[in-house]
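Modelling step: build the complete structure from the supplied sequences, incorporating the hints.
Here are the chains, one letter per residue:
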Amino acid sequence: MIETMERTTPAVETLMEVRGLQVDYGRVRAVDGVDLDIRAGEVVGLAGESGSGKSTVANAVMQILRPPAHIAGGTVRFRGQDLTQLDAEALRRHRWRNVSMVFQSAMNALNPVMRVGDQFVDTMRAHEKIDRKHALGRAGELLETVGIDKKRLRAYPHELSGGMRQRVIIAMALALDPELLILDEPTTALDVVVQREILQQLDALKRDFGFATLFITHDLSLLLEFADRINIMYAGEIVESASSEALFTAPQHPYTRGLMESFPPLRGPKVKLVGIPGSPPDLVAPPSGCRFHPRCPLHTAEEPERRRQEEERPLLRELAPGHLVACHLAGRT
Amino acid sequence: MSTLEVEGLTKQFPVASGFLTGKRGRVHAVDDVSFTLRPGRITALVGESGSGKSTVARLLVRLYDPTSGTIRLGDRDVTKERARSYRSQVQMIFQDPFGSLNPAKTIHHHIARPLLIHDVVPRHEVDARVHELLETVGLVPPEQVAAKYPHQLSGGQRQRVAIARTLAVEPVVLLADEPTSMLDVSIRIGILNLMLRLKEERQIAFLYVTHDLASARYVADDILVMYAGQIVEHGPVEQVLAEPLHPYTQLLLSAVPDPRAREHETIAVRAGRAAAAIDPKPGCRFVGRCPIAIPVCSQVTPPLVEATPLQSARCHVNAPAPEAIQ
Chain A
1 MIETMERTTP AVETLMEVRG LQVDYGRVRA VDGVDLDIRA GEVVGLAGES
51 GSGKSTVANA VMQILRPPAH IAGGTVRFRG QDLTQLDAEA LRRHRWRNVS
101 MVFQSAMNAL NPVMRVGDQF VDTMRAHEKI DRKHALGRAG ELLETVGIDK
151 KRLRAYPHEL SGGMRQRVII AMALALDPEL LILDEPTTAL DVVVQREILQ
201 QLDALKRDFG FATLFITHDL SLLLEFADRI NIMYAGEIVE SASSEALFTA
251 PQHPYTRGLM ESFPPLRGPK VKLVGIPGSP PDLVAPPSGC RFHPRCPLHT
301 AEEPERRRQE EERPLLRELA PGHLVACHLA GRT
Chain B
1001 MSTLEVEGLT KQFPVASGFL TGKRGRVHAV DDVSFTLRPG RITALVGESG
1051 SGKSTVARLL VRLYDPTSGT IRLGDRDVTK ERARSYRSQV QMIFQDPFGS
1101 LNPAKTIHHH IARPLLIHDV VPRHEVDARV HELLETVGLV PPEQVAAKYP
1151 HQLSGGQRQR VAIARTLAVE PVVLLADEPT SMLDVSIRIG ILNLMLRLKE
1201 ERQIAFLYVT HDLASARYVA DDILVMYAGQ IVEHGPVEQV LAEPLHPYTQ
1251 LLLSAVPDPR AREHETIAVR AGRAAAAIDP KPGCRFVGRC PIAIPVCSQV
1301 TPPLVEATPL QSARCHVNAP APEAIQ
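Taken in sequence, the protein lines are chains A and B.
Heads up: the first sequence is residues 1 to 333, going by our numbering.
Heads up: the second sequence is residues 1001 to 1326, going by our numbering.
Please note that the accuracy of each hint is not assured.
As the list claims (entries may be wrong) - Here's a subset of chain B near chain A, in silico, CB distances under 10 Å, partners left out:
hint	residue
1	L1153
2	G1156
3	S1186
4	R1188
5	G1190
6	L1196
7	L1213
8	A1214
9	A1216
10	E1238
11	L1251
12	L1252
13	S1254
14	V1256
15	P1259
To be verified - Just the calculated beta-carbon pair ranges, DEER-fashion:
hint	chain 1	residue 1	chain 2	residue 2	range
16	B	D1096	A	S288	31 to 41 Å
17	B	R1072	A	E310	53 to 63 Å
18	A	A126	B	T1036	58 to 68 Å
19	A	G331	B	R1072	52 to 62 Å
20	B	D1096	A	E310	32 to 42 Å
21	A	E245	B	T1070	35 to 45 Å
22	A	R267	B	P1320	23 to 33 Å
Hints were generated in silico from the structure; no laboratory data involved.
All C-beta atoms in this analysis are idealised placements derived from N, C-alpha and C, irrespective of residue type, glycine included.
Put into structure tokens, the structure is as follows:
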């Protein structure tokens, strides 16, 4: 949640606008007051550790939360239309066509007894009137754009490597030319060389197709390289939001700084890293006040700061144009 | 302090290669691997999935018998050894701290057990030693931690318990198989720092098996790069990562996400897998993906050649064998 509503006015139109999103799993609030804007053609990163709520945000944006998870508050608007108000049929048309999603283990989601081409045809024909021949033709083109020979349309999933299956899924997600592609840990299960190959292709596809991307991962270094803007999630909240450059050169939240201190560098001087003490909180009983305070290096015993940190929830403040931070102390020390 | 020396280690697994013919092939999971683990040094074994790196670790703890090759601990040939005394000297830390602890037993039980089984200390000193070990791995206060059950601890804490348990038997060699890959990013570095401290304080010889080059650089002194069952490059970690000889090491390095080089040049990636091959033909295993291959590469398996001091690679182009031997 944001302290003031005055934000830098976007120059490009906003595709997805999430405001005050709250998602509950039974009694546990997994996402608590998340704001998120995705503009046309932009790559927005959402980084966080397990249990931070990043995938729950994606599922809420896609409107595929499964009970007991449900939206407890806030709005999710796509081009101004509140998705939480749409009925099942309208949502079915919305998915794939406007927004499509690639999951971490999506490569295992292909039907093992169906040829790749037929799975493309099914997907396309569920959403538009197109005959089989044309659908297969387009499927072939899509496969080629992700670097797979169109002859592979006749292949069964087990005949393809993990990296190829994941690329098939990406091609399929682009079949209806969506405006927003959500990637939830799209390369986490893959080796580093395959990961780079896929990310490079996505970068090229983005230039050709012009879709926006919401990229969710625990790997901040990936986002620093590939995203335009990055949101850092901790314990169900966004604690920092900034351009990749600003986040890399001047991270403001102690949690973001700690995350940066958790990735050993591959080049340059060798430094001793400390990581972050403690572990991410249990959301059944999240810490009071600032949720990061039990692990925070700036946490102090001195009043009145101690009281604020432990009792008052910090809201996102705009420290520099487009750079939002939810920390009582950021920019004030 | 003894060193662990591995010489020509090879492991082949039989597989049915022809679907209907029933022909038997052999996967060359580990092929002619040699290295030495020295006290107070961490050696990183780096490779992609299927490259054989975990099989090497399993051969060393004697979970498998090697097809050929020798393993020596100090001056003893332990290739066929399955004795308890060997197991207590060479211990393994597994990837999954969730799967390696018994949910029905307290932390105290997990650490006291090896102390009792291997008669490390007299019975009346077991409690004190359990607490000491918990303190060593940074789990404090030890009295409280010891009374807990695995589910009451976080992933990072559980991995520390697993490490304390291996330390209980006072090993000289520790094999850590991707010890941080199941943990949250912010607590991984703590486990790596613990390894660094144990190496210094206890002069343990570490083998750190990982797919993560950056963490290998952070903890290791030496690096072994594995591809399709073979070591394709080895040497001091800083030297290898600064000036890699083998094209595969170069490819791996360029693929790692690097925010410090945001304008990343697009790298030429050639599809292919690092996995071990079934009945491989002679020739370099990387030849199909190699940008600098020459004709000999598809005919002769390149030997490991020390091309620059301390640094060796299996590459006909960048680490050619001296003429005299050819």
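Do the hints match the structure? See the list:
no.	hint	verdict
1	L1153	9 Å, holds
2	G1156	6 Å, holds
3	S1186	4 Å, holds
4	R1188	6 Å, holds
5	G1190	5 Å, holds
6	L1196	9 Å, holds
7	L1213	6 Å, holds
8	A1214	5 Å, holds
9	A1216	9 Å, holds
10	E1238	8 Å, holds
11	L1251	6 Å, holds
12	L1252	7 Å, holds
13	S1254	8 Å, holds
14	V1256	6 Å, holds
15	P1259	3 Å, holds
16	B:D1096 x A:S288: 31 to 41 Å	33 Å, holds
17	B:R1072 x A:E310: 53 to 63 Å	57 Å, holds
18	A:A126 x B:T1036: 58 to 68 Å	60 Å, holds
19	A:G331 x B:R1072: 52 to 62 Å	60 Å, holds
20	B:D1096 x A:E310: 32 to 42 Å	35 Å, holds
21	A:E245 x B:T1070: 35 to 45 Å	54 Å, violated
22	A:R267 x B:P1320: 23 to 33 Å	28 Å, holds
The earlier numbered hint that this structure contradicts is number 21, and it is the only one.
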